[in-house]
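Residue numbers (my numbering), protein chains in the order written: chain A, 2 to 750; chain B, 624 to 782; chain C, 26 to 105.
Be a bit skeptical, because a hint or two may be false.
Just the calculated beta-carbon pair ranges, DEER-fashion [said to hold, decoys possible]:
1. A:Gln-81 to C:Arg-61: 28 to 38 Å
2. B:Glu-708 to A:Asp-104: 49 to 59 Å
3. A:Asp-22 to B:Glu-747: 23 to 33 Å
4. A:Gly-247 to B:Glu-749: 51 to 61 Å
5. C:Glu-68 to A:Lys-9: 44 to 54 Å
6. A:Glu-63 to B:Glu-708: 26 to 36 Å
7. A:Leu-677 to C:Ile-28: 52 to 62 Å
8. B:Glu-747 to A:Gln-6: 30 to 40 Å
9. C:Ala-48 to A:Gln-6: 28 to 38 Å
10. A:Asp-513 to C:Glu-68: 31 to 41 Å
Calculated from the structure, these hints are not laboratory results.
Beta carbons are placed, not taken as given, at the ideal position from N, Cα and C, and that holds for glycine.
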Amino acid sequence: MSEAQEFKYIGQRTIRPDGFDKVTGRAQYGADLNLPGMIWGRTLRSPHAHARILAIDTSRAEAHPDVFAVVTFKDFGNVQSEKINAGEGAADMLDLARNCLADDKALYHGHAIAAVAARTERAADDALALIDVKYEVLPPVLNVEDAMKDDAPILHEDQFTQGYEETPSSPSNIATRVEMKIGDVEAGFAEADVVIEREFRTPTAHQGYIEPHACTARYDENGQSMIWCCTQGHFDVRTSTAKLLGLDLGRLKVIASEIGGGFGGKTVVYQEPVALALSRKAGRPVKMVMNRDEVFIATGPTSAARLKAKVGAKKDGTITAMQGWMAYEAGAFKGSPMMPGVMTMYTPYDCANLLVEGFDVVLNKSKVAAYRAPGAPQAEFAAEMVVSEVAEALGMDPIELRLKNAAKEGTQTIYGPKFKAVGLVECLEAARDSEHYKSAVPEGCGRGIASGFWFNIGGQSSVLINMNTDGTGTILEGSPDIGGSRASMQMMAAEVLQIEPSCLKPIVADTDSLPYSEGTGGSRVTFATGMAVIEAATNVVTQVRERAAAIWNVTAEQVDYADGVATNTAGEDKMTLAEVCEAAKKTGGQISGTGNINARGPGPGFAVHVCDVKVDKETGKVDVVRYTAIQDAGKAIHPSYVEGQYQGGAVQGIGWALNEEYIFNEDGVMENPGFLDYRIPLASDLPMIETVIVEVPNAFHPYGVRGVGESGIIPPLAAVGWAVGDAIDRKVTELPCSPPRVLSLIQSG
Amino acid sequence: MAKSHVSTTINGEAVEFLCEPGDTLLDVLRNELQMTGTKEGCGSGDCGACSVTLNGRLVCSCLVLGVEADGAEVGTIEGIGSNDELHVIQQKFLEHAALQCGVCTPGLIVSTKALLEENPDPTEEEARYYLAGNLCRCTGYDKIIRAVMDAAETMRGGA
Amino acid sequence: MAIVVFSGELQRFTGEERTRVQALRYREIVAELLERYDALTEENLMDMAVAIDGEIIHTPLLETVGENSELHFLHRISGG
Chain A
2 MSEAQEFKYI GQRTIRPDGF DKVTGRAQYG ADLNLPGMIW GRTLRSPHAH
52 ARILAIDTSR AEAHPDVFAV VTFKDFGNVQ SEKINAGEGA ADMLDLARNC
102 LADDKALYHG HAIAAVAART ERAADDALAL IDVKYEVLPP VLNVEDAMKD
152 DAPILHEDQF TQGYEETPSS PSNIATRVEM KIGDVEAGFA EADVVIEREF
202 RTPTAHQGYI EPHACTARYD ENGQSMIWCC TQGHFDVRTS TAKLLGLDLG
252 RLKVIASEIG GGFGGKTVVY QEPVALALSR KAGRPVKMVM NRDEVFIATG
302 PTSAARLKAK VGAKKDGTIT AMQGWMAYEA GAFKGSPMMP GVMTMYTPYD
352 CANLLVEGFD VVLNKSKVAA YRAPGAPQAE FAAEMVVSEV AEALGMDPIE
402 LRLKNAAKEG TQTIYGPKFK AVGLVECLEA ARDSEHYKSA VPEGCGRGIA
452 SGFWFNIGGQ SSVLINMNTD GTGTILEGSP DIGGSRASMQ MMAAEVLQIE
502 PSCLKPIVAD TDSLPYSEGT GGSRVTFATG MAVIEAATNV VTQVRERAAA
552 IWNVTAEQVD YADGVATNTA GEDKMTLAEV CEAAKKTGGQ ISGTGNINAR
602 GPGPGFAVHV CDVKVDKETG KVDVVRYTAI QDAGKAIHPS YVEGQYQGGA
652 VQGIGWALNE EYIFNEDGVM ENPGFLDYRI PLASDLPMIE TVIVEVPNAF
702 HPYGVRGVGE SGIIPPLAAV GWAVGDAIDR KVTELPCSPP RVLSLIQSG
Chain B
624 MAKSHVSTTI NGEAVEFLCE PGDTLLDVLR NELQMTGTKE GCGSGDCGAC
674 SVTLNGRLVC SCLVLGVEAD GAEVGTIEGI GSNDELHVIQ QKFLEHAALQ
724 CGVCTPGLIV STKALLEENP DPTEEEARYY LAGNLCRCTG YDKIIRAVMD
774 AAETMRGGA
Chain C
26 MAIVVFSGEL QRFTGEERTR VQALRYREIV AELLERYDAL TEENLMDMAV
76 AIDGEIIHTP LLETVGENSE LHFLHRISGG
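Model the full structure from these sequences, guided by the hints.
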């Protein structure tokens with residue numbers, strides 16, 4: 002894909018096909034399915050951040066008249082340690098099982114211990130109080146500094162740090178240590194005229210989707226078990242649940258409900274295997290819906306991190322060396338997104354000398370889950386703050402410094418390959434040329450700019466397009482639609498089939514109806530599932546030409562297909578797509594096209610944001626007064642939803658930078674598990690979010706598409722952080738810039 | 624505990640139901656009456672996903688008891704627009720792509736309707752403050768505010 | 026001959042940053058590398074994605090590379 006292509010439907014702003022159901026309240030989400038005979042499940046959670054479980058006595062709960070079943074870890078099958086596909090780190094099936102229901106240890110406040118199914122939700126809640134758990138309370142480990150000490154209380158006696166020449170012989174809370182490098186940083190720093198080094202800290206933050214985790218499960222001994230749930234990947238729910246309960250995949254159907262946000266947090270299972278285990282024991286369908294406080298204490302969040310960044314540059318702005326160090330909190334089980342943190346930290350820069358070291362550290366907090374560009378916002382926050390400080394020290398414009406050192410085609414990345422065409426330079430230029438950046442910083446305000454890089458992924462997608470006899474069709478895809486992707490699928494299929502998008506109905510099919518598809522994540526759906534749609538639709542066109550050829554007694558090569566019409570180039574005949582579909586019964590049966598692919602060649606996504614903030618110097622409250630988000634989409638299939646990704650990512654990042662953080666007491670209990678005290682951005686907190694879609698085509702996609710979902714959350718942390726510092730003439734090193742923290746920075750004078 | 628008998632009006636239709644004294648109006652709507660268009664995001668009045676009107680006043684149905692609906696008029700998302708024709712607000716939300724996951728959308732549409740009934744010509748700032756009780760995590764609110772302002776203009780009979 | 030470039034993680038096992046391989050099929054490349062580096066195990070490689078001339082491929086089992094291709098093993102990213 003090189004020269005610009007002409008499109009008939011792609012690039013338009015169509016009405017999404019699932020829109021009607023979503024504005025009328027008809028769309029069914031995770032908690033919206035009730036089944037005949039259904040009962041309710043609730044979860045007993047650990048009141049301790051770290052404790053040995055000596056005994057669980059469920060007999061009093063089981064004797065409750067409304068209780069049908071109680072389950073504990075023992076109700077899972079014989080779970081084996083086994084690597085599984087779940088998030089960024091090396092996830093393990095046994096860890097997953099022990100996170101769904103604790104085995105011999107409670108590892109965080111809120112850790113699920115047992116679950117009850119009862120006639121009503123209230124009865125189930127009442128019965129939880131009848132479960133007697135004997136704990137031996139252990140000292141909790143609550144930050145990475147403590148967790149990494151040699152004499153720290155150890156969470157897992159069988160965990161030995163991976164990543165050193167020789168694996169240590171004593172267990173450690175450090176699960177993995179990684180080092181990546183290019184060139185020689187010592188030599189690079191020696192060449193520098195300016196070297197800036199700082200330490201940073203970012204908080205535990207939650208994905209904050211509005212819909213709590215919810216599912217309805219029905220066990221069936223004849224192989225018709227079913228789970229309905231809100232998830233980013235129903236095929237992965239099936240894999241995990243089937244493993245935990247000892248079922249064959251073919252005996253469990255998982256239906257993806259509409260999903261009320263995920264941002265990575267709904268890529269792993271929590272309640273689904275528990276609900277099915279309860280249903281198996283109770284002989285009835287079981288529904289489980291988390292409360293908001295459970296969502297906060299027991300799902301998500303993303304890693305809090307400690308970071309160091311050191312950057313050296315010559316007087317002319319050439320960056321000569323970049324060094325980083327980071328320790329990410331994994332929560333109770335290994336698998337923080339430290340690795341992508343290491344890989345992304347300095348990737349927006351073309352620098353010959355790089356060294357980044359990372360640590361994945363377990364401690365007594367809930368196990369982290371993926372969150373939009375997992376691991377990148379923390380690492381790139383540290384990097385971008387220091388790069389901006391280098392620009393300041395050199396007296397250079399921060400965009401000019403970035404342009405001078407920007408990663409571009411041919412740049413060697415720290416994680417391996419050299420870049421093909423990427424759009425960072427174009428994004429930086431668009432930022433520099435924006436009306437926003439050219440305008441003066443308003444009186445009393447500060448301005449920050451920052452770049453962000455995320456890989457984006459490809460992966461497995463399965464698609465089936467079934468044509469109806471009237472020429473309309475159904476697109477079955479396996480990727481839950483979390484932000485309007487059905488519209489993109491419809492447009493891409495329409496582009497290939499050359500018919501109105503509204504003639505095609507996209508459906509998120511259940512696990513019985515399609516081969517395995519990876520979940521919605523990694524900004525992969527419009528890219529990878531879109532490629533599968535293009536393949537399936539192309540497959541339909543091939544068949545249409547063959548069928549028309551059969552009717553006209555010519556070869557398929559003699560049939561042209563354009564504008565929804567097949568034309569016999571050897572004669573006068575024409576047939577519309579509808580006519581070919583209608584005649585399919587005479588030419589070999591109905592027409593359907595498949596696209597079962599493992600998409601390769603995802604295009605890296607760069608973003609650049611510009612932010613102006615106003616700081617109330619009396620209270621420390623920060624208001625974002627103007628914000629511009631610029632990002633390379635490769636090719637925007639549906640520009641409105643691309644802009645929506647930029648704006649949504651920007652605002653999540655603004656929330657992370659300004660207010661969002663878990664507050665723990667000394668026992669490891671989260672003290673703000675609700676939207677009142679864990680404050681995500683409100684409509685009244687924000688200005689309009691201006692967007693610029695840059696399009697530098699991805700060479701590996703037929704239309705040039707890059708993923709757009711994640712990069713936008715990366716720049717805000719440093720764009721906001723730097724702007725706040727600029728407004729108060731201080732250096733921000735810790736997020737969030739909440740009023741008390743900003744006030745104390747101001748007063749630190 | 625004995626259930627209470629409640630007679631109410633929902634979206635103009637007379638409705639009767641039985642509920643526990645502790646059941647919220649949200650519980651009743653979703654679990655007794657199978658009206659699942661109203662969503663639960665927090666159960667504590669912080670997110671607005673469960674917004675409904677009670678005697679014309681915008682409330683979080685998770686903070687209202689089912690028994691409080693007795694003799695009252697309740698308005699939910701199911702009462703806005705019809706099969707034949709969406710309400711202008713709904714149409715504008717679609718045109719402006721003002722939803723991504725869509726779970727906050729019913730609450731936002733109920734709130735926007737209440738806003739525009741109270742104040743047909745809000746400034747952007749007024750709209751932002753009125754809707755501050757409706758959390759959206761996907762959109763960053765930009766397209767929602769555009770949809771609301773456009774709906775207001777259309778409903779006023781503007782261009 | 027294709028060039029294989031090792032990430033920092035893999036250099037711990039290979040002791041060098043790059044090498045040339047005769048084979049052009051992924052499976053044979055892996056076999057050749059395992060033969061060459063005692064410390065390297067199949068597990069070290071099988072959990073990784075590869076990039077062939079910059080194109081990242083999640084599950085490269087059946088891939089072939091060109092005579093002058095550059096091949097990188099890298100950590101498999103999944104995203105949010």
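(Q) Holds or violated: the 30 to 40 Å window for the beta-carbon distance between Glu-747 (chain B) and Gln-6 (chain A)? (A) holds (38 Å)
**Q.** Distance restraint evaluation - Glu-68 (chain C), Lys-9 (chain A), Cβ atoms, bounds 44 to 54 Å
**A.** Taking Cβ atoms as reference, Glu-68 (chain C) and Lys-9 (chain A) lie about 48 Å apart, which means the hint holds.
Q: Could you see if the CB distance from Asp-22 (chain A) to Glu-747 (chain B) stays within 23 to 33 Å?
A: holds (29 Å)
Q: Could you check the hint for me, namely that Gly-247 (chain A) and Glu-749 (chain B) are 51 to 61 Å apart, CB to CB?
A: At roughly 58 Å between Cβ atoms, Glu-749 (chain B) and Gly-247 (chain A) fall inside 51 to 61 Å, so the hint holds.
(Q) Looking only at beta-carbon atoms, does the pair Glu-63 (chain A), Glu-708 (chain B) fall within the given range of 26 to 36 Å? (A) For Glu-63 (chain A) and Glu-708 (chain B) the Cβ distance comes to about 54 Å; the hint is violated.
Q. Is it true that Asp-513 (chain A) and Glu-68 (chain C) lie within 31 to 41 Å of each other by Cβ?
A. Given range 31 to 41 Å: holds, Cβ gap about 33 Å.
Q: Hint says 52 to 62 Å; check whether the CB-CB distance for Leu-677 (chain A) and Ile-28 (chain C) agrees.
A: The hint (52 to 62 Å, Cβ to Cβ) holds, given that Leu-677 (chain A) and Ile-28 (chain C) are roughly 57 Å apart.
Q | Status of the given 28 to 38 Å range, CB of Gln-6 (chain A) versus CB of Ala-48 (chain C) | A | holds (37 Å)
Q. Okay, Gln-81 (chain A) versus Arg-61 (chain C) on CB: inside 28 to 38 Å?
A. holds (33 Å)
Q. Does the Cβ-Cβ separation between Glu-708 (chain B) and Asp-104 (chain A) fall within 49 to 59 Å?
A. holds (56 Å)
When each numbered hint is compared with the structure, a violation occurs for hint 6 only.
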